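Enquirer: Given next are the chains, with one letter for each unit.
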Amino acid sequence: MKQSVFEIVSNKPLTDSVFQMVLQGDTTAITAPGQFVNLKLEGLYLRRPISVCDLNGDKLTIVYKAVGNGTVQMSRMQAGERLDVLTGLGNGYDLSLSGDNPVLLGGGVGVPPMYLLAKELLKQGKKVSVILGFNTKSEIFYEQEFKKLGCAVTVTTVDGSYGIKGFVTTALEAMDYSYFYTCGPEPMLKAVYKASATSGQMSFEKRMGCGFGACMGCSCKTLTGYKRICKEGPVMKKEEILWED
Amino acid sequence: MGRLSVDLCGITLDNPVIPASGTFGYGYEYAELYDINCLGTFSFKGTTKDPRFGNPTPRIAECTAGMINAVGLQNPGVEKVISEELPKLKKCFHKPVMANISGFGVEEYAYTCEKLDKEEQVGWLEVNVSCPNVHGGGMSFGTDPKAAAEVTKAVKAVTTKPVIVKLSPNVTDIVSIAKACEEAGADGISLINTMLGMRIDLKTRKPVIANKMGGFSGSAIFPVAVRMVYQVANAVNIPVVGMGGVSTAEDVIEMMLAGATAVEVGAANLVNPYICRDIIEQLPAVMDKYRINTLSEIIGGAK
Numbered sequence: 001m002k003q004s005v006f007e008i009v010s011n012k013p014l015t016d017s018v019f020q021m022v023l024q025g026d027t028t029a030i031t032a033p034g035q036f037v038n039l040k041l042e043g044l045y046l047r048r049p050i051s052v053c054d055l056n057g058d059k060l061t062i063v064y065k066a067v068g069n070g071t072v073q074m075s076r077m078q079a080g081e082r083l084d085v086l087t088g089l090g091n092g093y094d095l096s097l098s099g100d101n102p103v104l105l106g107g108g109v110g111v112p113p114m115y116l117l118a119k120e121l122l123k124q125g126k127k128v129s130v131i132l133g134f135n136t137k138s139e140i141f142y143e144q145e146f147k148k149l150g151c152a153v154t155v156t157t158v159d160g161s162y163g164i165k166g167f168v169t170t171a172l173e174a175m176d177y178s179y180f181y182t183c184g185p186e187p188m189l190k191a192v193y194k195a196s197a198t199s200g201q202m203s204f205e206k207r208m209g210c211g212f213g214a215c216m217g218c219s220c221k222t223l224t225g226y227k228r229i230c231k232e233g234p235v236m237k238k239e240e241i242l243w244e245d
Numbered sequence: 246m247g248r249l250s251v252d253l254c255g256i257t258l259d260n261p262v263i264p265a266s267g268t269f270g271y272g273y274e275y276a277e278l279y280d281i282n283c284l285g286t287f288s289f290k291g292t293t294k295d296p297r298f299g300n301p302t303p304r305i306a307e308c309t310a311g312m313i314n315a316v317g318l319q320n321p322g323v324e325k326v327i328s329e330e331l332p333k334l335k336k337c338f339h340k341p342v343m344a345n346i347s348g349f350g351v352e353e354y355a356y357t358c359e360k361l362d363k364e365e366q367v368g369w370l371e372v373n374v375s376c377p378n379v380h381g382g383g384m385s386f387g388t389d390p391k392a393a394a395e396v397t398k399a400v401k402a403v404t405t406k407p408v409i410v411k412l413s414p415n416v417t418d419i420v421s422i423a424k425a426c427e428e429a430g431a432d433g434i435s436l437i438n439t440m441l442g443m444r445i446d447l448k449t450r451k452p453v454i455a456n457k458m459g460g461f462s463g464s465a466i467f468p469v470a471v472r473m474v475y476q477v478a479n480a481v482n483i484p485v486v487g488m489g490g491v492s493t494a495e496d497v498i499e500m501m502l503a504g505a506t507a508v509e510v511g512a513a514n515l516v517n518p519y520i521c522r523d524i525i526e527q528l529p530a531v532m533d534k535y536r537i538n539t540l541s542e543i544i545g546g547a548k
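Those protein sequence lines, which keep their order, are chains A and B.
With the numbering used here applied, the first sequence corresponds to residues 1 to 245, in that order.
With the numbering used here applied, the second sequence corresponds to residues 246 to 548, in that order.
Quick caveat, the hints were computed from the structure, so don't treat them as lab data.
Just so we're clear, the structure is a prediction, and the values are computed from it rather than from any experiment.
Just to be clear, a hint being listed does not mean it is correct.
Cβ pair distances, simulated, as ranges [what the hints assert, rightly or not]: (1) 195(A) - 531(B): 57 to 67 Å; (2) 123(A) - 359(B): 48 to 58 Å; (3) 57(A) - 539(B): 44 to 54 Å.
Backbone N, C-alpha and C fix where the C-beta goes; we use that ideal spot for every residue, glycine too.
The whole structure should be built from the sequences, with the hints applied where relevant.
Expert: Structure (structure tokens):
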């Protein structure tokens with residue numbers, strides 16, 4: 001973990017409510033795809049945890065949905081403004097278990113962490129398939145970005161306005177894959193857990209206090225003991241997940 | 246004794262700055278960031294007799310200038326704290342540490358304190374009396390002078406280390422509780438624990454926190470804390486450790502003027518993990534600005 005000041009390089013909308021912010025600063029504490037950063041925003045007490053979408057040298061890309069006070073405030077920020085950021089938080093995805101042809105499933109704002117993960121897996125010579133799930137056509141982002149990386153991309157929409165009609169699991173059924181990685185809302189994670197034919201890893205979200213393991217605000221029970229989503233997570237292996245309800 | 250040093254129940258602190266229990270774990274997360282030996286001491290995560298998972302999540306809600314938490318004393322239990330956490334703590338912190346203890350019955354407090362009393366690195370026992378008494382109808386020990394005194398006596402009987410009783414602000418008359426603890430043998434009083442608070446989500450119309458209510462902390466509660474520290478410090482003859490919303494070197498000085506011998510910093514650590522180190526570094530300059538020679542001379546200076 002590292003605390004440092006980042007400068008906003010760009011901040012632009014990808015859809016009506018999803019934004020992409022590129023920040024420049026000391027990214028050396030970031031060691032794995034699936035980790036997150038924690039942003040201090042003017043006038044708000046707690047930091048905002050946002051997953052890392054991409055990393056290029058000292059440039060860090062985050063993609064976020066403007067839903068609450070914090071993210072709406074972020075969406076109004078301009079290039080040149082500065083942010084106090086804690087970097088290198090969370091465990092991130094373990095790439096060593098991927099096999100030769102992993103599938104990556106992202107749902108809504110669960111899509112961004114899949115990007116850096118896909119990039120790193122492709123670097124290792126893996127054949128990467130990506131399933132991106134959205135509610136409707138106007139919410140889709142990053143389809144072209146994943147294609148440009150060289151992934152086989154399938155898009156699903158709940159209302160059928162684009163790609164395959166249904167959920168990410170609808171597309172997963174027809175696929176052949178060695179392992180899965182996923183991030184998205186909890187109902188989606190549960191569905192992937194049930195529908196997946198292999199082992200895999202999923203990234204969880206929870207309201208956090210500190211984001212670095214001090215406050216125990218985001219604890220959860222797993223089959224291998226109590227874990228802090230911010231510290232021993234946010235990524236959990238399929239075998240250790242204990243659904244609480 | 247340096248400019249910043251104070252005496253807390255017979256143990257010299259290099260400075261009065263103490264990260265508060267529940268915001269600093271057992272120290273080692275923060276030791277990755279800076280040398281935590283710059284601290285006066287720190288109060289480690291609230292420890293109970295048995296392991297506890299704590300409350301369901303969400304446990305955290307944001308507020309204006311503060312936050313609410315309902316963690317529910319998650320901790321591995323005193324045996325594991327001693328066998329696993331304290332050895333890790335010892336590697337990164339080389340001063341006496343403050344052990345924070347909670348319980349749900351008088352015997353539980355005594356059991357946990359007796360175990361921790363045998364740990365060499367434990368300098369003080371900070372006894373949190375804000376927990377509900379499961380044998381006393383669930384009312385918090387800290388809301389009843391008799392129950393608070395009973396816990397104090399039971400703990401004093403099993404330890405030779407200084408006992409600091411940590412009081413809840415969620416009471417009508419905090420002075421009477423502080424006095425009852427002093428009479429029961431407490432060596433110090435620390436205050437304030439969090440204030441009971443609640444947030445409701447307008448979209449779902451449900452409480453934000455799974456436990457519905459939780460402890461409100463952060464800079465918003467600072468004036469309440471200063472008032473209560475002032476009241477208690479003027480009523481007892483034992484040292485008072487002040488806390489509640491402290492986040493700057495100026496806040497530390499204000500707390501000490503109100504009567505605090507040492508000052509704990511809680512929620513601010515969760516927002517800026519370097520805050521305690523920064524406060525310690527800034528204290529000399531702020532003291533110069535207000536023509537303060539040594540911190541020990543200003544304790545209770547506000548009349």
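Enquirer: Determine for every hint whether it applies to the structure shown.
Expert: Cross-check of the supplied hints:
1. Our hint of 57 to 67 Å for residue 195(A) and residue 531(B) holds, since their Cβ atoms are close to 60 Å apart.
2. For residue 123(A) and residue 359(B), the hinted distance range of 48 to 58 Å is satisfied, since their beta carbons lie about 57 Å from each other.
3. A beta carbon spacing of about 49 Å between residue 57(A) and residue 539(B) agrees with the range 44 to 54 Å that was offered as a hint.
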